[in-house]
Each structure stands twice: as structure tokens, then as C-alpha cells.
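Residue numbers (my numbering), protein chains in the order written: chain E, 1 to 386; chain Y, 1 to 374.
Incorrect hints may have been included.
[As the list claims (entries may be wrong)] Just a few of them, taken from the derived set where beta-carbon distance is under 10 Å, the chain Y residues facing chain E:
hint, residue
1, T200
2, Y321
3, D325
[Claimed, not checked] Okay, the calculated bits of chain Y under chain E, using three or more residues with CB under 8 Å as the criterion:
hint, segment
4, 45-56
5, 85-97
6, 240-253
7, 353-366
[Stated by the list, open to error] Using C-beta positions, here's what the derived DEER-type ranges look like:
hint, chain 1, residue 1, chain 2, residue 2, range
8, E, F337, Y, G231, 13 to 23 Å
9, Y, K256, E, V131, 29 to 39 Å
10, E, R105, Y, G231, 14 to 24 Å
11, E, F342, Y, D177, 55 to 65 Å
By construction, these hints were calculated from the structure, which means they are not laboratory data.
Yeah, the Cβ is synthetic: ideal placement off N, Cα and C, and Gly gets one too.
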Amino acid sequence: MGYDSILNWVTFDNPVNNAFYPFEVYNVPYDIGAKLWELIGGTLAWLINLLVPGNGVSTWLVSDAVVNALAIILMVIVIFAVGFIINLTMIWQERKVLGRGMDRRGTKIGPLGYFQCVGDGLKTFMKENVVPKDVDKKIYWWALALVIGTGVLAACMIPLSDRWFIMDFHAGILTIYALFALAPFFILGASWAQNNKYSMMAGFRAAELMISYEIPMLLLMTAVILQTGSFNINGIVNAQSEMWFMIPQFLGFITFFICAVAESERAPFDLAEAESELVEGWQTEYAGMKWGLIMLGDYFRGYICCGLIVLLYMGGWLLPGIGGTAVPELVFLAKIFVVFFFFILARLAIPRVRIDQILNAGWKVLMPLSLINLLLVVLMQTGGLI
Amino acid sequence: MSELSRTGYQTDKMWVTMGPQHPFSHGLWTLRVKVDGEYILDAEPEVGYLHRGWEKECENRTYAKIIPMADRLCYSASMTWSHLYCKVAEEALDVELPERAQYLRVIADEICRIQSHLMWLAALGTDLGSLTIFLWCLREREFFLDLNVRLCGQRLTTNYPRIGGVRNDMPYYFERDCMRVVTRFEKALWDIINLTDESTVFVNRLKGISYLTRKQVANLGITGPAMRGCGVDYDIRRDDPYAAYDKLDFEVPVLKEGDAYARYMVRIEEMFQSCELIRQAFNALQKIPKTSPYRLKVSRNIPEGTHMARIEDPRGDAMMYLVSDGTGSPYRLKVRSPVFVNVSASKAMLEGCRVADIPAVMAMIDMCLGETDR
């Protein structure tokens with residue numbers, strides 16, 4: 001064919017027609033990535049073709065294989081960017097709701113104070129990158145990268161809808177949870193590497209807390225998986241098209257909610273960064289942008305927790321009675337913000353719990369409750385009620 | 001301590017130095033604690049970072065000039081400290097306060113007590129990790145600071161009592177404003193109590209930790225709400241009355257439990273009693289003619305001798321000891337700070353607690369470093 005006009009280079013194909021299309025179903029972020037590359041790569045190819053007419057590079061740039069490869073890279077960036085914006089919105093939501101509850105203004109910069117978090121991020125970015133002298137440098141840096149990295153990775157793997165996902169595979173929920181549950185090891189490593197007594201105590205607390213809350217969480221997830229018969233997130237959501245799992249598993253929902261607040265290390269369970277006795281917890285020696293990234297990672301973990309609650313108990317992107325909507329992503333995000341609102345309410349109302357109390361609650365209350373929930377699901381399943 | 005004796009294996013004990021710049025120490029002081037994991041085995045307070053030679057400085061000033069300095073002893077109980085200084089000077093001069101000044105001092109003291117206790121509750125809120133309690137308490141405190149402004153023109157360093165009376169009579173609108181604030185506060189305090197006492201987490205954080213017996217209280221010299229939370233029924237306002245406290249009817253809250261929660265409850269109840277005292281004092285003031293004097297003329301020089309006065313500070317038993325040599329400035333002015341004595345009990349209070357309890361337990365002595373280090 002003749003490549004004489006720019007329109008021949010920049011063609012917005014349906015990405016499903018791409019010979020290398022990696023998914024079975026339509027994927028919006030991939031579509032955005034593919035179209036973005038077709039625009040950028042097409043323009044580049046056209047410009048190169050203007051300079052050197054009839055070269056091979058231009059046609060290579062718009063070939064199916066290159067479009068696919070770059071579409072996947074752009075897709076990941078798009079998914080991360082959207083996750084990042086969701087996170088900023090959650091931080092803004094938290095600060096606004098906390099401000100309202102505490103009789104103060106919350107954020108102020110930008111429209112409705114939305115850009116305050118951006119400003120705070122820039123502020124931490126401009127701070128001096130202080131690394132204490134006696135830290136174990138290797139673990140100090142690696143643990144930090146891994147804490148944030150696993151959090152962000154797990155958060156990006158949360159699908160916003162059946163068409164907005166990184167990958168749709170059969171052990172989806174388990175993979176997210178596995179990545180999510182890696183954090184205590186890295187936190188322990190980071191706290192030990194800092195050569196600081198406060199960090200060390202906080203690291204022990206974090207490990208104790210998270211490990212003892214992961215078990216009830218996993219048991220509760222087992223109940224949901226039992227009811228659905230699938231590890232696939234799509235399967236779990238589709239099984240809730242008629243009834244949200246929070247109705248038959250109300251006990252499990254409440255327990256999971258409490259565990260999720262604890263797992264995401266948010267107040268009232270933020271004893272790993274109990275600032276009144278342990279300065280800044282396990283993040284004490286992480287200054288400047290490192291701390292800013294840890295904060296961001298914390299909110300990513302909060303987002304994962306909200307996402308898991310919505311996916312497991314609140315029907316994901318489906319609405320009861322209506323089913324799928326035109327923009328299921330917005331339905332999912334709205335549900336996430338509602339769940340996060342209750343996270344914020346807990347932070348607003350409840351002081352921090354002590355470590356022995358929280359472990360008692362975890363092992364002696366939440367653990368039996370999750371087992372009871374599992375038993376109820378098994379009974380209902382065998383009785384044919386659900 | 002039976003919980004602590006882990007015979008099976010040895011764990012390393014370590015000393016953790018908390019302070020002088022640490023979020024839990026409200027002010028500059030250091031608490032060194034020896035911990036076994038999360039348990040506290042030993043504690044040792046170190047104060048003195050804020051020592052500024054207050055007592056020595058007083059020896060170079062005339063008696064009148066010490067009043068604003070006494071304000072600076074404690075940022076949140078300035079009224080009681082300047083009241084205490086004026087009281088010791090009046091006792092040395094052997095003057096009887098005019099009745100109007102007595103009631104005005106009671107009102108000012110009780111406003112000061114409420115705002116000081118609110119500051120304490122706010123700090124307790126952040127110590128326990130609830131910023132809501134902090135901000136709600138500070139919001140209520142602001143109304144009482146506004147009352148200070150209306151009465152004497154300053155929020156914190158009030159400089160209101162004078163030797164032989166008070167600096168000025170209250171403005172004509174003060175009673176109205178004060179009654180409004182007090183009525184509002186009695187409702188608002190219930191809001192805050194709903195946030196604290198109704199919350200199981202909050203109560204569980206304070207209940208059952210840091211028990212003190214009456215014997216320990218006596219041996220360590222603990223005074224104030226910390227003492228009354230351990231079942232010692234003693235309040236200078238009632239048992240050695242000054243100003244107009246003997247003409248007013250109020251209760252001294254005493255709880256027998258002796259744990260941190262009892263100390264918390266005592267302070268909360270004291271705030272309600274202070275509201276009652278303010279109300280009664282205004283009722284009594286109405287019977288006193290408006291033209292009656294609020295300040296006496298007194299001599300600039302204090303006759304030779306030694307004198308002692310004490311007062312119920314929001315933090316405990318505040319005392320001043322004055323040695324005068326007949327000139328216009330004191331020969332020696334000694335301050336007995338309640339917090340300085342109370343903080344020495346930190347070992348007894350913290351032993352057997354957990355690291356997470358440190359802020360909550362130490363909040364119960366309501367640290368104020370200005371008066372501790374002087």
C-alpha cells in the first residue's frame with residue numbers, strides 16, 4: 001500500500017484485530033495503549049518517512065508486533081497512572097473527611113483542596129535525601145523498594161472492571177493476596193536495617209500484627225472462594241450478580257473489614273507507626289521522598305484492601321438488579337470510595353489499639369469468627385441455600 | 001511482675017531513650033526506659049532542659065515585677081501560678097483580700113483549670129492516636145482562652161492577680177459571656193466524653209494499667225488529680241481553703257481504683273465541678289455591690305520573715321516559699337512544682353506496662369516543663 005498521507009500511518013485499528021492481541025476479551029487500557037502508540041508511532045513513522053521515503057523503520061514502527069509490545073508497556077503505565085490518581089483522590093477524600101469530622105479545613109490548595117497532596121508530594125521530593133551512617137545500606141534500600149513495589153504491583157492487579165485489568169487469570173485473587181501479604185517480611189527487614197530501636201520495635205509490631213491478621217483474612221477469602229467455586233476475580237464478581245456476598249456472609253464481611261483495616265496499617269491499628277511512642281514507627285530513618293513513597297505505598301495498600309472488600313463482598317463492578325452498566329469502572333471506584341469512607345470513619349472515631357489487645361482480638365475473636373463464617377458457608381452450600 | 005518472668009529463655013533488655021525531642025514528651029524532657037520486648041522494666045525521668053534560673057531571677061526583681069514572671073511558669077496554668085505568688089506575698093504582708101477580688105480569683109482560677117485540663121485531654125488524645133479528641137478539646141479550650149482575653153486581655157500569660165487583689169474588675173459583659181461558655185462547655189464536654197468514654201478502645205487503653213497504691217502515692221509525694229485517682233481524698237481548695245473557696249459548695253472527685261483510667265475520670269469530673277464553681281462564684285458576686293473594691297493598696301516592701309503558701313494547681317499541690325529581708329525584692333523564692341515531684345513517680349507508674357502505654361501513663365501527670373525546670 002502507498003504510505004503517502006499521515007492518515008495512512010496513524011490508523012486507529014481495533015486492537016483485537018492485532019495478530020498479537022494477548023487477551024481473550026476486550027481490554028480498555030490495552031486499547032488506550034495501542035491507540036496511543038498508533039498516534040505517537042504513526043506520527044514518528046510519518047516524519048521519518050518524510051525524511052527518508054520508503055524506509056523499513058517506518059513500517060516496522062507501525063507493525064503489529066511493535067504496536068503490541070509498546071501497547072503493553074503503555075497499558076501498564078496507564079493502569080499505574082489511573083491507580084495513582086485513585087490514590088491521590090483517596091488521600092484527598094481522607095483529608096477532607098477527617099477535616100470535616102475534626103472541625104477544621106483539611107486540604108486547601110487547588111479546587112476543593114485537591115492539589116494539596118500533589119504539593120505535599122513535591123515537598124517530600126525536594127527534601128534532602130538523608131541516609132543515616134550506620135544503616136545496613138543494602139537491606140535499607142531493597143526493603144524500601146520491595147515494600148512499595150509489592151504494594152503498587154498488587155494494587156495495579158486489582159481490576160476495575162471486566163475490561164480494565166492487567167491480566168485475567170485463574171488464580172487472580174490469590175496472586176493479589178500473595179503480593180499483598182509479602183509486606184511484613186520487608187518491613188521487618190527495613191526496620192532491622194535501620195539500626196534504630198524505635199524502628200525495630202515497630203517492625204516487630206508490624207510483623208506480629210500483619211501475620212496474625214493475614215490468617216483470618218485468608219480463611220474469609222476461602223469462604224468466598226468456596227461459595228463461588230473460582231479463584232478468578234471475574235468469576236467471583238459474576239457470582240454476585242444476583243446477591244452480594246455480604247448478605248449471606250455478613251459475619252465474614254464485618255470480620256474482613258476489620259482485618260483489612262489492620263492489614264493496611266491504618267488507624268486505629270497503625271501501631272507499627274504509633275507516632276506517640278515510636279516516633280514514626282518503622283519509617284523513622286526514611287527521610288524525604290523515601291517517606292513520601294512509603295506513604296503512597298500505604299495508601300496503595302489501603303486501596304488494595306478496599307478493592308478486595310468490594311470484589312469479595314460487594315459485587316465488584318456490578319450493581320444489584322441492574323448488573324453491568326455503561327461505565328463499570330466508575331461503579332467499582334464509587335464502591336471503593338464508600339468502603340474507604342468507613343475506613344476514614346474508623347480512623348476519625350477510634351484511638352489506637354494496644355499491641356496485646358489487637359493480637360488478642362485477632363487470634364481470639366476474628367480467627368474463630370472467620371472459622372464460623374467458613375462453617376456457615378459450608379453448611380449453606382451443602383444445604384443448597386446459596 | 002509474674003507475667004514478666006520468662007524463665008524459659010533469656011531476652012536482651014535494652015534502654016530506650018525517649019526525648020528530649022520525642023512526640024510523647026510534651027516539652028523538653030527525657031524518659032529513659034528499660035524494655036524487655038514490649039514490657040517496661042525500669043524507667044528514669046531526666047528533667048532540667050528548660051532550667052532558666054527562675055528562682056534566682058526573682059531575687060533581683062521587685063515584688064510587683066514577679067507577677068508576670070509567675071505567669072510564665074506554666075503555659076496552661078498561668079493564672080494559678082500568679083495567684084499563688086500573690087497569695088504568698090499577701091500572707092507575708094498579712095492583708096485580707098477584698099471579697100470581690102476573692103471571687104474574681106476563683107473564677108479566673110477555675111477558667112484556668114478547665115482550659116488546662118482541656119489541654120491535657122487534647123494531649124491525651126494525640127498520645128492515644130486520636131486526633132479528633134485533640135482538635136475537639138482545643139476547640140473548646142479556645143472559648144476559655146477568649147474568656148481570658150475578655151477578663152485580662154491575654155490568652156495565656158494572663159498577668160491578672162495583683163498583690164492585694166486583682167488588676168481590674170471584670171467588664172460588664174463578662175458574666176454573660178462566661179455563663180454562655182460554661183453552659184456550652186457542659187454540653188460540649190459530653191460530646192468529647194462520647195468520643196472517649198463510650199469508646200471501648202479508649203477505655204481499654206487506660207483501664208488496668210499503671211496502678212498506684214495510697215502508700216506509693218504518699219511515699220512519692222504525688223499530688224493533684226493523679227493522687228485523687230488513687231483514693232486519697234485531699235484537695236487544698238477544700239481542706240486548706242484560700243480565696244473564696246470556703247464559701248462555695250463543690251465536690252472533690254476521688255476514685256479508689258488507682259489506675260490511669262481513674263486519673264482520667266478525676267480530671268473529667270473536675271472540669272464539671274469547675275463549671276459549677278464558676279456559676280456559684282458569679283451568683284455570689286451579684287450580692288456584692290459593684291462599687292466595692294477589687295484591689296487594696298499594699299506596701300511595696302514585705303516585712304522580714306519566711307512565708308509559705310500553697311494552692312491547688314490543675315496539676316497538683318503548688319507551693320511557694322518566700323524568705324524576705326524587708327527590702328523591695330525577695331531574698332529567696334522557692335517554688336515547689338507538682339509536676340517535678342509527680343514525674344519522679346514514673347518508675348512506679350510505668351513498671352510492668354507496655355511501651356504503648358508510656359504516652360498514656362505519662363499524660364496522666366500532665367507534664368508542663370516550664371514549672372518543672374523553672
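* **Given coverage of the segment 85-97 of chain Y by chain E, tested with a Cβ cutoff of 8 Å and a minimum of 3 residues** => violated (count 0)
* To do: Mind checking the hinted window 29 to 39 Å against the Cβ distance between K256(Y) and V131(E)?
  => This hint is violated: roughly 53 Å between Cβ atoms.
* In this structure, is the beta-carbon distance linking F342(E) and D177(Y) contained in 55 to 65 Å? -> violated, 40 Å
* Can the hint on T200(Y) be confirmed by a CB-to-CB distance to chain E that is less than 10 Å? -> holds, 9 Å
* Asked: If you look at each residue in the segment 45-56 of chain Y, do at least three have a Cβ nearer than 8 Å to any Cβ of chain E?
  -> Coverage by chain E is violated for the segment 45-56 of chain Y (0 residues, Cβ < 8 Å).
* Verdict on chain E covering the segment 353-366 of chain Y, criterion of 3 CB contacts below 8 Å -> It holds, with 6 qualifying residues against the three required.
* Asked: Is the hint on Y321(Y) kept, meaning its closest Cβ partner in chain E is under 10 Å away?
  -> Not OK, violated: Y321(Y) not within 10 Å of chain E, min 36 Å.
* Asked: At the C-beta level, are R105(E) and G231(Y) separated by a distance inside 14 to 24 Å?
  -> Roughly 44 Å apart at Cβ, these two residues miss the hinted range, so it is violated.
* Asked: Lying within 13 to 23 Å: is that true of the beta-carbon distance F337(E) to G231(Y)?
  -> violated, 50 Å
* Asked: Are at least 3 residues of the segment 240-253 of chain Y within less than 8 Å of chain E when you compare beta carbons?
  -> It is violated, with 0 qualifying residues against the three required.
* **Hint check, D325(Y) versus chain E [nearest Cβ-Cβ separation less than 10 Å]** => violated, 48 Å
When the structure is compared with the earlier hints, violations turn up for hints 2, 3, 4, 5, 6, 8, 9, 10 and 11 and for no others.
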